[in-house]
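Engineer: Sequence:
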Amino acid sequence: MPTVIKLGAYTIFIWTNDHEPVHVHVCKGSPHENATKIMVPADGSPYVEHNKDKIPNKDMKTILRWIAQNKGRIYLMWYRIHQD
Numbered sequence: 196m197p198t199v200i201k202l203g204a205y206t207i208f209i210w211t212n213d214h215e216p217v218h219v220h221v222c223k224g225s226p227h228e229n230a231t232k233i234m235v236p237a238d239g240s241p242y243v244e245h246n247k248d249k250i251p252n253k254d255m256k257t258i259l260r261w262i263a264q265n266k267g268r269i270y271l272m273w274y275r276i277h278q279d
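Per the numbering used here, the very first residue in the sequence shown carries number 196; after that it's consecutive.
I should point out that these hints are in silico values taken from the structure, not numbers from a laboratory.
Do not rely on the hints blindly, as some may be mistaken.
Restraint-style ranges between C-beta atoms, simulated for each label pair [unchecked claim]:
1. SER240 x TRP210: 19 to 25 Å
2. HIS227 x LYS266: 22 to 28 Å
3. GLU215 x LYS247: 19 to 25 Å
4. HIS245 x GLY203: 16 to 22 Å
5. ASP254 x GLN278: 30 to 36 Å
6. ARG275 x ASN252: 30 to 36 Å
Computed cross-link-like contacts, BS3-like style, restricted to lysine-lysine with a CA-CA straight-line distance of at most 25 Å [what the hints assert, rightly or not]:
7. LYS266 x LYS232
8. LYS223 x LYS266
9. LYS232 x LYS247
10. LYS247 x LYS266
11. LYS223 x LYS249
Ideal Cβ positions, reconstructed from N, Cα and C, are used throughout, including at glycine.
Build out the structure end to end from the sequences listed, making use of the hints.
Structural biologist: Here it is as structure tokens:
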């Protein structure tokens, strides 16, 4: 699974065998299947689908802000990974 970025203690990543709509997963440390899922809509702000990794609100705000500022980068990576 490609890592989009390491943001402090958190890893933002995309599973290679995942499905649309565009989203990323976030966890502390190494990626795992119960990572938090954040949706990245083209026409709106990113939002938390679920927070299974129990990321604290303060950290989540920083993560969501980074995702919002880097939506183009995330979309490019998503479609490069899933271009079947």
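Engineer: Mind listing which of the numbered hints don't hold for this structure, in increasing order?
Structural biologist: Violated: none.
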